[in-house]
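Participant: Model the full assembly from the supplied sequences, consistent with the hints where possible.
Residue numbers (my numbering), protein chains in the order written: chain A, 1 to 177; chain B, 1 to 177; chain C, 1 to 177; chain D, 1 to 177.
Treat the hints loosely; a few may be bogus.
Note: identical chains are not told apart, hence a pair may lie in one copy or across any two.
To be verified - Derived lysine-lysine pairs resembling BS3-like cross-links, with alpha carbons at most 27 Å apart:
# : residue 1 : residue 2
1 : K73       : K135
2 : K42       : K73
3 : K5        : K73
4 : K73       : K97
5 : K5        : K119
6 : K42       : K135
No lab work stands behind these hints: they were computed from the structure. Small disclaimer: the values here were computed from a predicted structure and weren't measured.
What follows is the residue order along each chain.
4 protein chains.
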Amino acid sequence: MTNFKEGLKAVKAFAFDVDGVLSSPEVYLHPTGEIMRSMNTKDGYAMQYAVKRGYPIAIITGGNTPSVALRFKGLGITDIYLASSYKMDDFKDFLFKYDLKPGEVLYMGDDLPDIEVMKTVGVPCCPADAVDEVKSVAHYISPYSLFSKGISNRTTIRGTKAVRNATVRFPTRNCFL
Amino acid sequence: MTNFKEGLKAVKAFAFDVDGVLSSPEVYLHPTGEIMRSMNTKDGYAMQYAVKRGYPIAIITGGNTPSVALRFKGLGITDIYLASSYKMDDFKDFLFKYDLKPGEVLYMGDDLPDIEVMKTVGVPCCPADAVDEVKSVAHYISPYSLFSKGISNRTTIRGTKAVRNATVRFPTRNCFL
Amino acid sequence: MTNFKEGLKAVKAFAFDVDGVLSSPEVYLHPTGEIMRSMNTKDGYAMQYAVKRGYPIAIITGGNTPSVALRFKGLGITDIYLASSYKMDDFKDFLFKYDLKPGEVLYMGDDLPDIEVMKTVGVPCCPADAVDEVKSVAHYISPYSLFSKGISNRTTIRGTKAVRNATVRFPTRNCFL
Amino acid sequence: MTNFKEGLKAVKAFAFDVDGVLSSPEVYLHPTGEIMRSMNTKDGYAMQYAVKRGYPIAIITGGNTPSVALRFKGLGITDIYLASSYKMDDFKDFLFKYDLKPGEVLYMGDDLPDIEVMKTVGVPCCPADAVDEVKSVAHYISPYSLFSKGISNRTTIRGTKAVRNATVRFPTRNCFL
Chain A
1 MTNFKEGLKA
11 VKAFAFDVDG
21 VLSSPEVYLH
31 PTGEIMRSMN
41 TKDGYAMQYA
51 VKRGYPIAII
61 TGGNTPSVAL
71 RFKGLGITDI
81 YLASSYKMDD
91 FKDFLFKYDL
101 KPGEVLYMGD
111 DLPDIEVMKT
121 VGVPCCPADA
131 VDEVKSVAHY
141 ISPYSLFSKG
151 ISNRTTIRGT
161 KAVRNATVRF
171 PTRNCFL
Chain B
1 MTNFKEGLKA
11 VKAFAFDVDG
21 VLSSPEVYLH
31 PTGEIMRSMN
41 TKDGYAMQYA
51 VKRGYPIAII
61 TGGNTPSVAL
71 RFKGLGITDI
81 YLASSYKMDD
91 FKDFLFKYDL
101 KPGEVLYMGD
111 DLPDIEVMKT
121 VGVPCCPADA
131 VDEVKSVAHY
141 ISPYSLFSKG
151 ISNRTTIRGT
161 KAVRNATVRF
171 PTRNCFL
Chain C
1 MTNFKEGLKA
11 VKAFAFDVDG
21 VLSSPEVYLH
31 PTGEIMRSMN
41 TKDGYAMQYA
51 VKRGYPIAII
61 TGGNTPSVAL
71 RFKGLGITDI
81 YLASSYKMDD
91 FKDFLFKYDL
101 KPGEVLYMGD
111 DLPDIEVMKT
121 VGVPCCPADA
131 VDEVKSVAHY
141 ISPYSLFSKG
151 ISNRTTIRGT
161 KAVRNATVRF
171 PTRNCFL
Chain D
1 MTNFKEGLKA
11 VKAFAFDVDG
21 VLSSPEVYLH
31 PTGEIMRSMN
41 TKDGYAMQYA
51 VKRGYPIAII
61 TGGNTPSVAL
71 RFKGLGITDI
81 YLASSYKMDD
91 FKDFLFKYDL
101 KPGEVLYMGD
111 DLPDIEVMKT
121 VGVPCCPADA
131 VDEVKSVAHY
141 ISPYSLFSKG
151 ISNRTTIRGT
161 KAVRNATVRF
171 PTRNCFL
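Facilitator: This is how it looks when you write it as structure tokens:
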């Protein structure tokens, strides 16, 4: 994890997959047939805070649900790549726009389409329930998972505190908890 | 389970019950009084993937909720039998339409109305919390259940991986996890 | 529980409280500010089944949410007492309408306003998390509770089977599971 | 806790943060992109009961979701401070309006913006998963947390009973359970 902490110092931007990272696979069907995803407001606060401090944030997702885009826009995020069929292209677009090098980005993903980007970034992260191929390239594997509702509160509290007191960095639920 | 793996090789189509198989019994009431069912996007991806690879998929449910039909249509599924009072009739209709033999179909159900169809198909499956009568005719009983939210992540990950690396087949949450 | 099983034989009708019995205290806020309650479709099927077999069912609740009434109407229930300030009055109305004696009714409640009715009915029931005063007058305390999401699947399955194979009676989640 | 019980006797009003105290961090996205928060109807009944008994209640939240305001208005609460950037200002406004001294207020919060107010009130409370800085100034830390869905029913029942039989006071889920 020294690798991870060293990498954090160089981070100038963040990029996230959505499903499995910022939203849960369990959804409810609205009467219109649209799916309603579950998210965590603590992740929302963290991203909002990062935006205010000037960090560019990219959302790169294969999904194409308008409500997801609206939610992230509401948090002040402007770089939202929906229906991303090849994430590397969208990631390069994000790097170009903000004049960033891959090593300056923290990326969090959980599945095969995320791997190519994860291999290039400075801080590749994943949740506890990412597929093994993703885990093998991650520098940091969060003990927290969107699947695990039964996780002890203590972990959550400690994680949040760690971010606040120690790194004063980007405290998303999955990244640092 | 050799029986099960052998049967999988002959599978050319899939058929699913909805309640208890693809959706949870816990629902939320929309202000209009309509019920909002919980589903799993990983099941959705799996079915979408199967459709793209050319597998016919039938949804055969006693329920009659428009949102359910809309959701499955959105995944590319065209054979949706709502308000099915006698599932065998709808199943035969599905077989006829695609010129299929019962032994070429994987079916997953969890309750009494599913049993007759399950006795005829090549690969009858059920979730862990199916009623005993259904379990006794299933060739594969998923360790996962829609009732069990506390299931370990590890199981989920292993299941997904098993499908991807080994069978390269139809990875619904309940079928192969 | 001999008392309970004997009582069941005389049951000709059912009456239910809603909050804590048929719906969970955890709700979601719709954007309009209306609350969306969680219910269980297995309870819904059970009530629908009882209605079809000719059992009168009363819903007697202090709440006044239109979506709740719409949901129960959709199940074929016609005797829905919303905003019930004194449940005994509504219960008497129900008895009078169907020419029933209190001893012929199974009632399930969980809180103080339910006690007076429970003391008069033939089969007073309550969920596991009812208040102690209610538990002390119940002939049957369900091991299942709306608060307990982590309950083992096995219990649920066993309960359903007990209803089907043994009593062939009214299988609501809380009553007999 | 003697401190806590003594303080309760002087309580003439209540003030609450929302996120993490009265609502859960897990939210669902409505198709419009609005977030739908989870609340507990038992908290709602408790606040409604307190309002009827004449207790002023303030809701002081940094959030600005209309549905939250509508929900609390529906419970009879009139002092709802949304988008509160500095909670002490809104708290002082509440005190002035009802001619209250800080020592006469029970306040429950869970995060850094709540601390200044908590240091001045008679009964500062927090849920089990509040940040450590908040816990260190609380006179009462609820064993219940919005994060913990798996909490035993027994605790919930005992808590409710304690409020009813002993204090006949304000039984919110987090405050006294």
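Participant: Each hint: holds or not?
Facilitator: Outcome of the hint check:
1. With identical chains, the CA atoms of K73 and K135 are never at most 27 Å apart, being 29 Å at best within one copy and 33 Å at best between copies.
2. In this assembly of identical chains, the alpha carbons of K42 and K73 lie at most 27 Å apart whether taken from the same copy (16 Å) or from different copies (25 Å).
3. For a Cα distance limit of 27 Å, the shortest separation of K5 from K73 qualifies neither inside one copy, at 29 Å, nor across copies, at 46 Å.
4. For the homomeric pair K73 and K97, the shortest alpha-carbon distance inside one copy (18 Å) is at most 27 Å, but the shortest distance between copies (37 Å) is not.
5. Taking the closest pair of Cα atoms, K5 and K119 come within 27 Å of each other only inside a single copy of the chain (17 Å); across copies the shortest separation is 35 Å, beyond that limit.
6. Both within a single protomer and between protomers do K42 and K135 lie at most 27 Å apart by alpha-carbon distance, with minima of 24 Å and 19 Å respectively.
Of the numbered hints given earlier, the model fails hints 1 and 3; all others are met.
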